[in-house]
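Enquirer: Given next are the chains, with one letter for each unit.
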Amino acid sequence: MATAAVTTEKKNYLNAEYGIRSWLFTTDHKRIALLYLVSITAFFFIGGFFALLIRLELLTPAGDLLTADMYNKAFTMHGQVMVFFFLIPSIPAVLGNFLVPMMIGAKDLALPRINLISWYIYIIAGILYLHCIATGGVDTGWTFYTPYSTMFSNTRVIEAGLAIFISGFSSILTGLNFVVTIHRMRAPGMTWSRLPLFVWSHYATSIIMLLGTPVIAITLILVVLERTLNLGIFDPTRGGDPVLFQHLFWFYSHPAVYIMILPSMAVISEIVPCFSRKRVFGYNFVAMSSIAIAAIGFIVWAHHMFVAGISLYSALVFSFLSFLVAVPSAIKVFNWTATMYKGSVSFSTPMLYAFGFIGLFTIGGLTGLFLATLGVDIHVHDTYFVIAHFHYVMVGGAVMGYLGGMHFWWPKISGRMYPEGWGRFSAMIVFLGFNLTFFPQFILGYLGMPRRYWDYSHMPEWQGLNVLSTAGASFLAVGYLLPMAYFLWSLRYGKIAPDNPWGATGLEWRTSSPPPTFNFEETPIVTWEAYEYESMPLPEEVTLER
Amino acid sequence: MSEHTGHIVPSRLNWLVFFILIAATFLTAWIATIDLGPFNTVVALVIATCKASIVVLIFMQVKYTSEKMTKAVLLFAIAWLILLLFLSLTDYSSRFAG
Amino acid sequence: MFDNFPLWPVGASSHSFAVDALYVFLVVVSVATTLAIFAVVGLFAFKYRRRHGREAEPIEGNLILEIAWSAAPMGLFLIFFAWGAVIFFDARTPPQDSTEIYVVAKQWMWKLQHTEGQRELNELHVPVGKNIKLIMTSQDVIHSFYVPAFRLKQDVIPGRYTTMWFKATKPGTYHLFCAQYCGTQHSGMIGEVVVMEPAEYETWLSGGVPSGTLAQNGQALFTQLGCSTCHRFDVQGRGPNLTGVYGKPVFLEDGRTVIADENYVRESILVPAAKVVSGFKPVMPSFQGQVSEEQLTSLVEYVKSLSLSSSQAPATAAGK
Amino acid sequence: MSDSSVAEHTEHADRPELRHHFADEQQQRNAAALGMWWFLGTEIMFFGGMFCAYLIYRLKYFPEFAAASRSLDLKVGTLNTAVLICSSLTVAQAVRAAQMGKRMLQVKLLLATLFFGLVFLGVKAYEWENKYKEHHIPTFDFNAKDLMRDNQHLFGLDKLQNDPHALQVREAEIQQHSQIFFALYFALTGMHAIHMIVGVGVFSVITWMAWKGRFTPEYHTPLEIAGLYWHFVDIVWIYLFPLLYLIDRRPGA
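Protein chains in written order, with the working numbering: chain V, 1 to 546; chain C, 1001 to 1098; chain H, 2001 to 2320; chain B, 3001 to 3253.
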């Protein structure tokens, strides 16, 4: 069904209309995806700037570059920007928005206007948060722990809380749209067992967005009310319980980690079969493990609170449940590996990111077990061990997947090829830089360096590892800037992309690059299984390029 | 194409549901004033759940919908709520005792 | 040259070894798993790299393999869980014969109070080889008492007591950190735990100028606040006789039973009406706002001392 | 808006309600309904966070919760529940009227819904005003003296009469803990009222659309979807009523 030679005259979603209004009032899911791409990239660099400040401050033991308050604000805003304004919308709102309708053969998401509204909500939240940063920022840590956030912090907690509350609605609406679209808009023949795994993962992600986000919304509202009206619900001096806040906060914020990692797993599940020219190994298990992660992910939250004063009995229950969630993650890693068995593996850029993802996620996942293990968690909780662990998952995992996905679908999104050599080079830089940045932090954590420390002049022995980490971060920065540069470059100078440069099987590759406004010339009828690579020939140009 | 209009609930059934709801409201307010020990709360919640169920089934037409997903979504969300309440209580119930 | 690259923290408590052992086990398992996965990925990627004339073989999956690699990690995880739970259970259950030290945290310092009366700031002296139980509370936000050398930490929460215990095994000076973010000077809320030989510790104890043991202070306060007018030891007063109450079950007016632990005694002083002992009227006034956290600790300590036999607590026996 | 793109895609030109990306009306209706059901699932969890806080403090501070609950006006609360149920009936009947193509009946029923909705909000405002007069709004000169006066036995205050200091302290405690009840009361009823206000706004538009004759037996999805929302808000109140008003109304206790 793939159309032949692309004429330059051909209308696609990018040149269908021109002018700023055609973008700001679009309901085309592909254009909204690009709006999201631009905005989350902006927030990624803001969050990255704070990361830079943190790493520079920690280069020397003394607190010399920033003041204590500035440092506290830097890590708080680094966390909040990265989590709420970059990672949570990253893959779902950009790649998911762009691809979910196309992968199931739909013309658009089920609720296109709601999709646009969700972007506006995100922007309103983002502007509010930027205003919060510009007028002094917030220093509660991204976790808003009470009673510090409610009674003691003198910073702009209310504004930050409201911004994150509002951004939650954007996330809910995106999730709502995906669920409805996946249920209602599948093309004829696109049965559940033929859905790409990308779609399965986004379905699981959406469930978390829908059922988790409202809890943090109400929790943040209670924090805001507590600060403005002195309600006392979380205030120990007035009979409130600060630990209740932690329960409610982590009920969302632990599953939120799966909002970040599941879409990334979605990307890897597309890349690995494509560059191995094989069906994914154990389709049903990979699909169901996404759902299992979403479901079990909701019942493990108190593993963030083992030393927070919860009861011994509760700690035991949550430790046990936390191990359960590791099983479906392990299943995925094993299945991706097995997919390569007797395949025809190519080392193209997206595949390099997939390798990187598997490696880093394996380390991130295994170190998560350390934290679920009660006896070890007493020591490493709230240390750099935790920092390293969740960066391995959220940066090593989620961002590697995001970048891999951006390379994989860039030809589809932009209609241009990126320079392959630069792509491979930067994938390697990111992988090495990442490990150099975060691996030393595992050791720092076990040595006992607590997180959120501005000054460690009494513990100068920690400096060596911190210097390594900062050095790694500068590599990482280069690794992130490079793709940004050559993606922009390719928009003008890149080779014109064929419709299906990788010879991939997904429906999104059976339309032109870039796709027309309604995705398909005619509604596709699906008669093949997912990942039927044995009946998909490798396109000529790829064969030559190897 | 009668699918489009969906099921038309008989007017009489709507009124019946209405009267049951009103009666249950007064019933629950009255029962609360009788001493049933700890069962006051249980009875109040059982009545509320019955009321909510008939609203969902008749007024919201879940009884008539051919859509399996509606029920699934509903059960999903309720199950999640129970998870939140129940697992928070694993902490609080054993903390109060100690 | 490794001064700047330490790889292992010193261990100085009975816990360190247990935690280290489990940690090493986890590291070994993780490294083995990671290497195995890397090796297999590398092997497949190389062996099945794209070459002309070789097609991929379609394989759908393998049920037995799936079950195997779901069950095997689960089995391993059960070991992690059980082992971790045992250590945790031990860390959270202080032995009966522990020496108690009270900890009050505030932005951004640690106040420590020995039962013998010594008070310390950001510095804790303990004897080697003795079980020490810390009874901790905070005056403002949540803090966390963390001694990496002991491999232990516990959040310190305003409005209630949390406890932790340890047995130091090696004399020396160790870092004490606040591990829960608590505001501007969070990284300055650090101190030292000085572990001493018992003899040295005795010297240190007597070297200070304690104004009496903690329990003795508590006893003075007990009289001063008028507690002793109701809680009498000779005849039944308006309040229960407190001798031997601590650590035992208490039957309450509403039919419940609670164990009289620190939190119960604390609560009974601050919120007497919450859990009234069976057979008594809720006549006791609350002392909320009247006693500081430090005074509260001394009162709690005094009530405790009333339950210890003289052999266990010579210091308090003298005061009685 | 996507008018231009609709114009471009002319295959549905004869069916103005059908948006470009749907194959037929059935798919569009089902999508909208499913979207609303998922949204209601989200709403359950939104109120769920507050229910969790409510549950824990109710267990912790039962006497205060019971006393504060008694201070709420049972008659007004019951009446208001009935008002909300009336509005649910009119919504259900309006959907029926739309299914049968009776335009004026729809409009009347929808106007009745708006009326009942506004009555509910009015009564709620009246109750809140009373709370203000009773000094039962947290931090706005909050005072639980009347609770103590009316619940001497429940709080054990009767036994403390001859100990002024003990009395004073216990009273301070009751003051705090009943304030937590009222904080949750206002959070819960306030969030519910915000939902009601949104509902009234939505139904104003729906009524206007019904007046314009937009709804036919074949197409009345907006009315149906808005109806689901309205019933849900009703259900939340069905739970809030016993949880807030009926904690402990036993005469002897």
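No lab work stands behind these hints: they were computed from the structure.
Backbone N, C-alpha and C define an ideal beta-carbon position, used for all residues, glycine too.
Incorrect hints may have been included.
Covered stretches of chain B (in silico footprint by chain V; criterion: 3 or more residues with CB under 8 Å from a CB of chain V, positions within the stretch not fixed) [to be verified]:
id, region
1, 3033-3040
2, 3156-3164
Straight line, CA to CA, 30 Å or less: simulated DSS-like cross-link-like pairs of lysine-lysine [claimed, not checked]:
id, chain 1, residue 1, chain 2, residue 2
3, B, K3133, B, K3108
4, H, K2281, B, K3145
5, H, K2106, H, K2167
6, B, K3060, B, K3212
7, C, K1063, B, K3102
8, B, K3060, H, K2281
9, B, K3145, B, K3159
10, H, K2275, H, K2133
11, H, K2275, B, K3145
12, H, K2281, V, K342
13, B, K3108, B, K3075
14, H, K2248, B, K3124
15, H, K2275, B, K3108
16, C, K1063, B, K3133
17, H, K2133, H, K2248
18, B, K3060, H, K2248
19, B, K3060, B, K3108
20, H, K2047, H, K2106
21, H, K2047, H, K2111
22, H, K2133, B, K3075
Enquirer: Does each hint hold? Answer for all of them.
Expert: Now for the hints, and whether the structure bears them out:
{"no.": "1", "hint": "3033-3040", "result": "holds (count 4)"}
{"no.": "2", "hint": "3156-3164", "result": "violated (count 0)"}
{"no.": "3", "hint": "B:K3133 to B:K3108", "result": "violated, 37 Å"}
{"no.": "4", "hint": "H:K2281 to B:K3145", "result": "holds, 22 Å"}
{"no.": "5", "hint": "H:K2106 to H:K2167", "result": "holds, 25 Å"}
{"no.": "6", "hint": "B:K3060 to B:K3212", "result": "violated, 54 Å"}
{"no.": "7", "hint": "C:K1063 to B:K3102", "result": "holds, 24 Å"}
{"no.": "8", "hint": "B:K3060 to H:K2281", "result": "holds, 21 Å"}
{"no.": "9", "hint": "B:K3145 to B:K3159", "result": "holds, 17 Å"}
{"no.": "10", "hint": "H:K2275 to H:K2133", "result": "holds, 25 Å"}
{"no.": "11", "hint": "H:K2275 to B:K3145", "result": "holds, 23 Å"}
{"no.": "12", "hint": "H:K2281 to V:K342", "result": "violated, 81 Å"}
{"no.": "13", "hint": "B:K3108 to B:K3075", "result": "holds, 28 Å"}
{"no.": "14", "hint": "H:K2248 to B:K3124", "result": "violated, 50 Å"}
{"no.": "15", "hint": "H:K2275 to B:K3108", "result": "violated, 58 Å"}
{"no.": "16", "hint": "C:K1063 to B:K3133", "result": "violated, 45 Å"}
{"no.": "17", "hint": "H:K2133 to H:K2248", "result": "holds, 18 Å"}
{"no.": "18", "hint": "B:K3060 to H:K2248", "result": "holds, 23 Å"}
{"no.": "19", "hint": "B:K3060 to B:K3108", "result": "violated, 48 Å"}
{"no.": "20", "hint": "H:K2047 to H:K2106", "result": "violated, 61 Å"}
{"no.": "21", "hint": "H:K2047 to H:K2111", "result": "violated, 63 Å"}
{"no.": "22", "hint": "H:K2133 to B:K3075", "result": "violated, 55 Å"}
Of the hints listed earlier, those the structure fails to meet are numbers 2, 3, 6, 12, 14, 15, 16, 19, 20, 21, 22, in rising order.
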